[in-house]
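Chemist: So the chains spell out like this:
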Amino acid sequence: MTAVADNPAAVGRPIRRKEDTRLLTGRTQWTDNIEIPGMFHMAILRSPMGHAKIKSLDVSGALKYPGVHHAYGAEELGALNGSIPCVWAVTDDMVAPDFPVLAKGEVRHVGDCVAVVLADSAYEAADALEGIVVEYEPLPAVINMEDALKPGSPLVHSDKGTNKCYTYVMQPQGDGAYAASAAQADVVVKRRFINQRLIPSFMEPRAALASPMGISDELTLWTSTQIPHVLRVLLTLVTGIPENKLRVIAPDVGGGFGGKLQCYREEVLVTALANKLGRPVKWTETRSEDMVATHHGRDQIQDIEIAATKDGKLLGLKVELIANMGAYLQIITPGIPLLGMFMYPGIYKIDSYDFTCHGVFTNTTPTDAYRGAGRPESTYAIERIMDELADELGMDPMELRKKNWIKHEQFPFTTVAGLTYDSGNYEAATDKAMGLFGYEALRKEQEERRKSGNPVQLGIGISTFTEMCGLAPSRTLGALKYVAGGWEHCTIRVLPTGKVELVTGTSPHGQGHETAWSQIASDIIGVPVEDIEVIHGDTRTSPYGMDTYGSRSLAVGGQAIMRASEKLVERARVIAAHQLEVSASDLEYSGGVFRVKGDPSKEQSIQGVAFEAFTAHNLPDDVEPTLQAESTVDPQDFSYPHGTHLCAIEVDTQTGKSKIRSYVCVDDIGVQINPMIVEGQVHGGLAQGIAQAMYEGAVYDSDGQLLTASFVDYLIPSAADLPSFTTDSTITPSTSNPLGVKGVGEAGAIASTPAVINAIVDALRPLGVNDVPMPASPMAVWRTIQAAGGAK
Amino acid sequence: MPEVRITVDGDLVTDEVEARLLLVHFLRSNANKLGTVVGCDTSSCGACTVLLNGRSVKSCSILAVQADGNSVTTIQGLAGEEWHPVQEAFKECHGLQCGYCTPGMVMSTVDLLSENPNPTEEEIRDGLHGNLCRCTGYHNIVKSVQHAAELMKGGSK
Ligand code: FES
Ligand code: FES
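If you read the protein sequences in the order shown, they are chains W and H. The first sequence lines up with residues 1 to 792 when you count with our numbering. The second sequence lines up with residues 1001 to 1157 when you count with our numbering.
Please note that a few of the clues may not be correct.
[Stated by the list, open to error] Below, simulated SDA-like cross-link-like pairs (lysine to any residue); rule was C-alpha separation at most 25 Å, straight line:
(1) W:Lys657 to H:Glu1122
(2) H:Lys1091 to W:Gly438
(3) W:Lys602 to W:Glu630
(4) W:Lys18 to H:Glu1122
(5) W:Lys659 to W:Gly438
(6) W:Lys276 to W:Ala180
(7) H:Lys1143 to W:Glu124
(8) W:Lys499 to W:Glu124
(9) W:Lys18 to W:Gly498
(10) H:Lys1091 to W:Val671
(11) H:Lys1091 to W:Ser718
[As the list claims (entries may be wrong)] From the derived model, a few chain H residues whose C-beta atoms are all more than 12 Å from chain W:
(12) Arg1005
(13) Val1013
(14) Asp1041
(15) Glu1122
(16) Asp1126
(17) Val1142
(18) Lys1143
(19) Gly1154
[To be verified] Covered, in the sense of this in silico footprint (three residues per stretch, anywhere, with C-beta under 8 Å from a C-beta of chain H), are these stretches of chain W:
(20) 247-256
(21) 341-348
(22) 476-484
It is worth saying that the hints were derived from the structure and are not from the lab. We put the CB at the ideal spot given by N, CA and C, even for glycine.
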């Protein structure tokens, strides 16, 4: 065996992605690309009404259409019509209505599933929906959250007697603590912010294919999901198919952003029907279906109060939320605002905190995780109100932040919300960002434009954010009544011919795990990145995992990769020592080769060890054949990336049109495995956060019709709508994991929305404007200016 | 049912199709070109973009019968012995994440650069406005297009 040449450290290098070869040549395995002979195509009849009684449903007409084999409504589906689970009962008295796969007698939002047809082709299945006859009796719909909470409001679930799902209160300093802070304060600023509803809009529409024609008795589900492992558990609970007969595969998945962190009705339908009929069943959504049937995100009314002394010291923070659940509870719908609950205090030292959230049902698509999940909402609120407070105090908004943020020497720091932030350096990130941005020069230009009455005003927006990544440890999740754990798994093995398989429980859908995970393992076991194959997204080949969401994959999964790799080397060391006839402690290991200390000519490569472990002809007595190690890690704590985002925006006060002139951010996400991938994650997050600020918003009319139900009406920004970004970083290693990593998936999306809105408000302050609604479209900005008395 | 004859990535594909069959479905189902994908049903996203006689089209917005007698190039027909410079550039500049928009984005870029070999950033952003990407924020897509333009000037293809 030849020794592997020492390779330079892989971690920290912008290695080009392995994934790209298949993605750039069209050899990708999307779920919709998979065809199985004899499969049925499923089409779904969805409610066109926001709220209605199903007076009658007759699916028989569909069976007369060519190519159609089966049609089901709730009645025909019978016992197979399971209920979609919610795994996060946030309070003991939370109202959790039944959420049947096919609506039983009543539809509660546009897009609610009413009936399904199975046919030989997708075209035939879609045609046959025309043959289904439904008689609806419209019921009054309730869309507005505050209306839903009023006595006498129409009820989304009449059997529950209320539209309130829950009220959650957290007062870490006790009841009355905030009132005491407010009483001491010189200034109390109150604002209402609307964090509007968004639609995840991953580019690959959802698709699911279940086939009973697996190996042995297993039923295989390919689905465009972020959570194959969690989904298998839930599908077993819903369908009753034993978990060991169910294999869930997430093949190549085209984006998720939380939208594919779900147990969807369509996944249950194809699984249950394939199992019942003994035939493969496939469903691929149209974009129009996606807009009404994939869960939505955000949608909160935020009443925020902040109390401070006249020189700007923060004393207290009070948050009262109304959070829209939509018509039903999906997997973690009620918990999303609570993920934000801990983060309202942001990076600041505050004496008291008071949080209340009311979850409310409305006749709208259910909400759930969307990039950031609760934390963009909280960051928006705190970073917006900091600017409002600065204005009230006549202080520079950056000075106010500096005065109150946690200083780098104060970490670890336990916040007023009870979290202990591991590490950070807000000063360093801010200094770097201010330098790149040219803060002082821009302020000067702003002053000039204000003086000259230029119709195009310049605004500067700041967002100094932090967030919590790596949803874990499991104990903490348990204390929050979240049903699942927060651990992650890795198995790593060297095959007889020297190549490496790294099995992970994370489930990538664009994040480049195949490359980044190889980099981590490469440095520890000393084999080239190209020789490592990352195996993921299949419950048969990677049986243990908690999947990918909440910027957890690296912070949690990375630790498992590190530990498994280290264990692998230690196992190999014992075998190598035996073969080189020295004791294990006499061996040095680098670049994939064990060498005898003091006699480096005696060596054995890890590939050589793997072959010996395979033949097992000459292993020490107590060593088992094969070279494999595994690790399941439940991390000690969250990690807390942070950053300073600065946005300069030009607002035409005559037309309301805003144009981002420059966007600078310096993020500190701890140690970076692949800085190229990190930058890409930041860019994508920025685009989504900026889109919330300026472009996107799901809008319902009072009957529950979604008015933004296609890409024509729901404005996903194109390249022409966004600027280039200046991104940079500082590196303060996390102390909550041995890799020192934090997590980057959501940073950009969390930080950028308030930066943009703060900039627009800043531009318009001389006109008397102190808030603009999101999305800040030209129309919305123009109206705001008019309401304040018009352009000067 | 009408018969269509379409040259796809250099091979003639002949089939009887329903008149309403979209070209993108013909490519995926009849020509087995699964590299071309569907992202919407309003001709908004550009994920389905292919070259029809060398010019980019959204293959969800025309019928297979309209393409009868013509020649289509998909992402799978772009590379010869070596990758097309646009493919190289997207990899080099990290112009893709999940990769779902990528086939369409690459084909649109090929067309854009054939029209305008030296585009400014603004021309790139305008030229790609019919292709949506939810992952990259377009920053690295713009860089990829600029890099591809340079590679192509170098005469590599
Ligand atoms: S699939 Fe969206 S434009 Fe063709
Ligand atoms: S890379 Fe995912 S949509 Fe563009």
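Chemist: Indicate, hint by hint, whether the structure satisfies it.
Modeler: Do the hints match the structure? See the list:
1. Distance hint between lysine 657 of chain W and glutamate 1122 of chain H is fulfilled; the C-alpha atoms sit about 18 Å from each other, no more than 25 Å.
2. For the hint linking lysine 1091 of chain H to glycine 438 of chain W, the alpha-carbon distance of about 32 Å lies beyond 25 Å, and the restraint is violated.
3. Straight-line distance between C-alpha atoms of lysine 602 of chain W and glutamate 630 of chain W comes to about 29 Å, which puts the hinted pair past the 25 Å bound.
4. For a cut-off of 25 Å, the pair hint linking lysine 18 of chain W to glutamate 1122 of chain H is broken: about 30 Å separates their Cα positions.
5. Taking the CA atoms of lysine 659 of chain W and glycine 438 of chain W, the gap is near 18 Å; set against the 25 Å cutoff, the hint holds.
6. Our distance criterion of 25 Å between C-alpha atoms is broken by lysine 276 of chain W and alanine 180 of chain W, whose separation comes to about 62 Å.
7. For the hint pairing lysine 1143 of chain H with glutamate 124 of chain W, the CA-to-CA distance comes to about 43 Å; that exceeds 25 Å, so the pair is violated.
8. Note on lysine 499 of chain W and glutamate 124 of chain W: the hinted pairing is violated, with a Cα-Cα distance of about 47 Å set against a maximum of 25 Å.
9. Distance check on the hinted pair: lysine 18 of chain W and glycine 498 of chain W sit about 19 Å apart at the alpha-carbon level, within 25 Å; holds.
10. Restraint check for lysine 1091 of chain H and valine 671 of chain W: satisfied, since their Cα atoms lie roughly 24 Å apart, inside the 25 Å limit.
11. Among the hinted pairs, lysine 1091 of chain H with serine 718 of chain W is consistent with the structure: their alpha-carbon atoms are about 21 Å apart, no more than 25 Å.
12. The claim that arginine 1005 of chain H is not at the interface with chain W holds, since no C-beta of that chain comes within 12 Å of its own (minimum 21 Å).
13. Every beta carbon of chain W lies more than 12 Å from that of valine 1013 of chain H, the smallest distance being close to 16 Å; the non-interface claim holds.
14. The beta carbon of aspartate 1041 of chain H sits about 5 Å from the closest Cβ of chain W, which is not more than 12 Å, so the claim that it is off the interface is violated.
15. For glutamate 1122 of chain H, the condition that its CB be more than 12 Å from all CB atoms of chain W is violated, with the nearest at approximately 8 Å.
16. Look at aspartate 1126 of chain H: its CB is around 5 Å from the nearest CB on chain W, not clear of 12 Å, so calling it non-interface is violated.
17. At roughly 7 Å from the closest C-beta of chain W, the C-beta of valine 1142 of chain H falls inside 12 Å, breaking its exclusion from the interface.
18. For lysine 1143 of chain H, the condition that its CB be more than 12 Å from all CB atoms of chain W is violated, with the nearest at approximately 8 Å.
19. Listed as outside the interface, glycine 1154 of chain H is consistent with that label: its C-beta sits roughly 19 Å from the nearest C-beta of chain W, beyond the 12 Å cut-off.
20. Using a Cβ-Cβ cut-off of 8 Å, 4 residues of the region 247-256 of chain W lie near chain H, which meets the minimum of three, so the contact claim holds.
21. With 0 residues having a beta carbon nearer than 8 Å to a beta carbon of chain H, the region 341-348 of chain W misses the requirement of three or more and the stated coverage is violated.
22. Proximity of the region 476-484 of chain W to chain H, defined as three or more residues with a beta carbon under 8 Å from a beta carbon of that chain, is not established by the 0 residues found.
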